[in-house]
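Participant: Chain residues, written in single-letter form:
2 protein chains.
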Amino acid sequence: MRTIEMNNGVVKMIDQRKLPRQFEIVECRDYGAVAHAIKDMTIRGAPAIGAAAAFGLALAALESKATTREALLRDLDVAEKILRATRPTAVNLMWALDRVMKQAQTQNLDASGLRDWVVAEAQRIAEEDVQINTAMAKNGAALINDGDTILHHCNTGPLATVDIGTALGCIIEAHRQGKKIHVLVDETRPRLQGARLTAWELMQYGVPMTLIADNAAGHYMRKGKVQKCFVGSDRVAANGDVANKVGTYKVAVVAHENGIPFYAVMPTSTIDMTLAHGDDIPIEERDAREVTHIDGVPIAPEGVHVGNPAFDVTPNKYITALVTERGVVRPPFGENLLKTMK
Amino acid sequence: MRTIEMNNGVVKMIDQRKLPRQFEIVECRDYGAVAHAIKDMTIRGAPAIGAAAAFGLALAALESKATTREALLRDLDVAEKILRATRPTAVNLMWALDRVMKQAQTQNLDASGLRDWVVAEAQRIAEEDVQINTAMAKNGAALINDGDTILHHCNTGPLATVDIGTALGCIIEAHRQGKKIHVLVDETRPRLQGARLTAWELMQYGVPMTLIADNAAGHYMRKGKVQKCFVGSDRVAANGDVANKVGTYKVAVVAHENGIPFYAVMPTSTIDMTLAHGDDIPIEERDAREVTHIDGVPIAPEGVHVGNPAFDVTPNKYITALVTERGVVRPPFGENLLKTMK
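Just so you know, the protein sequences line up as chains A and B, in that order. For the first sequence, our numbering begins at 398 and goes up steadily by one. For the second sequence, our numbering begins at 398 and goes up steadily by one.
If you are wondering where the hints come from, they were derived from the structure by calculation, not from laboratory data. Owing to the predicted nature of the structure, the values given are computational and were not obtained by experimental measurement. Heads up, some of the hints might be wrong.
You can't tell identical chains apart in this list, so a pair holds if it fits in one copy or across any two.
With a straight-line Cα cutoff of 27 Å, these simulated BS3-like cross-link-like pairs (lysine-lysine) come out [to be verified]: (1) K415 to K535; (2) K409 to K620; (3) K535 to K462; (4) K409 to K622; (5) K436 to K620; (6) K714 to K535.
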């Protein structure tokens, strides 16, 4: 099944907090449940969050008892604000909400027609995500050579999107094309998306891999064991600075120092041309328990003070290229992103 | 109590695998038990391992039924080989064993006298460690300014030594001197010595601190929140390359990129002048379960392939200075280490 899908007024998503131990489906029957699922990371990954937000609006449309177009738009507006507040860093969330809300206002439809339109638009966003990821996977796979070992941070596979994936989509596509590759999988503390999700996905697809502590990535890079780094992205600024899962910046600096190409992969919906540079991207601070506990088991002294930024910003100078569905964007990013986004 | 001590033929050590949840003392009554405790990291930290190895030989001397000097030396030789094989990277282990064994051979004593001498020599090694660490702490504290936030990797506190500590000893000493400092504590996957031991120790001493995932260190460095990095060391080559807990290399490169001074702190017994550079240092590969399980809880798919190097090597160009009991050694390290080690 896809990471998220909607049928007959029910949004179903794979519970990513339970993998790899349990494969469970969560059913959301109202937009509040979708907002909760985004916030608690039942669903995560920038593109998947975008689709989830759109499906949230679709459920809000179905829930609404409005009988006029205006009343329905007001109800959608309330839902939109709650969905928007769930996570601050990934721009796909805002992008999907903006797309549905702006177009909804221009549809010349009555309440019933608009209701159907919102549901259909959410389905289109999900469907387009799969198509976009398929194109990105091809563009990224072309950068991978036979024999490469690729370092990967966080999770960017099918589970991070509606299907196919972003950075991991490129890697899986290269494997499908018959290239002999190996993946070094950063476990990605604190939430361990690499150990829990990426390792599990690569094993499903039969891609040769080695799971490592994030701390070990530098050792392998310095020893010449890594030929490429591939990561996803939660928001890209107009100058090519990349906000992504915390730890990405360290990987990028060490890759740069060792002359290893560093690629960030994202749909153009992740690129926020309204932000001049990465330091304008808000960085989400998450619960201390993500650091102090693992599956409820305490791993630090009680009452310890914790810092837990969920993302960091990698300045454009460490990035070899941005891989999008429209092609591979190389420096100078300011200029070339403008062309790509036209 | 000290991290390790020996009284009446019993070696007692704090069980560092159980902290911070339980404070337990392990008693070793034969050298095999000491070897096991080093291998399974009941005791860890390069200087503490050195003292443990010496106490292991002391127990071997007491265990031996030899009635001649030559027979006792043969029994010590057997024990020495088993103790030496426990962990390959920390040179203090080899240093302590070499010191006891070489001097034992030159002592003009009968079996009974030599037995007493070995026990006394182990006690001297432990006692000297405390004195050396006290001197190092003063030398390192002088590098720390009022208002500094210091990033620290792994555990180098009193628990990593017989007492006082190495890098963390400097930090605790600066705090004792009344400097207002803050410590960013890398949790230090895979074994979480930062979260479990360093955080606990700093809380005991009342030093203000924040625990972070290793991945977050780059974010804070790039944001200008870190003024110094302090780490310990498991082995230093003659050119100043430093082998230390895996992840140290990433910290050093990112510190260098951000113009943050990076200090490695170690007794001169950690400096191995027989090695020209760091790539000659053997890197211990440890059990996959350190990565795939936390306190017995699986955090990765069953059967996943794992890489788990316990250490990495930081080339000398990323190191601002080496802090030893004999003073602060600055580049060029080759030349200045020769002078220091004379």
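Participant: When Cα atoms must be at most 27 Å apart, do K714 and K535 count as within-copy, between-copy, both, or neither?
Facilitator: Result: close within a single copy only, 25 Å intra versus 40 Å inter.
Participant: From the Cα coordinates, with 27 Å as the cut-off, is the pair K415 and K535 best called within, between, both, or neither?
Facilitator: neither (30 Å within a copy, 49 Å between copies)
Participant: Within a copy, between copies, both or neither: where do K409 and K622 come within 27 Å Cα-Cα?
Facilitator: Cα proximity of K409 and K622: none, with 40 Å in one copy and 42 Å across.
Participant: Which holds for K535 with K462 at a C-alpha limit of 27 Å: within a copy, between copies, both or neither?
Facilitator: Neither, since 44 Å and 72 Å both go past 27 Å.
Participant: Pop the pair K409 and K620 into one bin, within, between, both or neither, using alpha-carbon distances up to 27 Å.
Facilitator: neither (44 Å within a copy, 39 Å between copies)
Participant: Should K436 paired with K620 be assigned to within, between, both, or neither, using CA atoms and 27 Å as the limit?
Facilitator: between (39 Å within a copy, 26 Å between copies)
Of the hints listed earlier, those the structure fails to meet are numbers 1, 2, 3 and 4, in rising order.
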